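**Q** Sequence:
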Amino acid sequence: MPIQQQSYGLESIILHNSFSQVKGRTIKIDCRERTDVGGVNGAGKTSILSLVPAFYGEEPERLVTKASGKLFA
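Letter by letter, the sequence shown follows residues 1 to 73 of the UniProt record's numbering.
Derived from the structure by calculation, the hints contain no laboratory data.
It cannot be assumed that every hint is accurate.
[As the list claims (entries may be wrong)] With a straight-line Cα cutoff of 25 Å, these simulated DMTMM-like cross-link-like pairs (lysine to aspartate or glutamate) come out:
#1 45 x 59
#2 23 x 36
#3 23 x 59
#4 45 x 11
#5 45 x 58
#6 23 x 11
#7 45 x 33
#8 23 x 58
#9 45 x 30
#10 28 x 11
Nothing here was measured: the structure is a model prediction, and the numbers come from that model.
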């Protein structure tokens, strides 16, 4: 019986009540293939993308903004 190779990585992002534009809703973003993250200015696109390294093993303490040194999570 062949051994299956496990893969690790980000498969989906689930946002619950995260932004004022979608207040009270849960949104699932599938990330297994190609994903488009779009929206108006200030919608949180950069904030979401800045958290992606956490799903690949980056330590939470290293997820900070360059300008202010504030933690995202």
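**Q** None of the hints should be skipped; say for each whether it holds.
**A** Comparing the hints with the structure gives:
no.	hint	verdict
1	45 x 59	holds, 21 Å
2	23 x 36	holds, 21 Å
3	23 x 59	violated, 29 Å
4	45 x 11	holds, 17 Å
5	45 x 58	holds, 19 Å
6	23 x 11	holds, 24 Å
7	45 x 33	holds, 18 Å
8	23 x 58	violated, 29 Å
9	45 x 30	holds, 15 Å
10	28 x 11	holds, 10 Å
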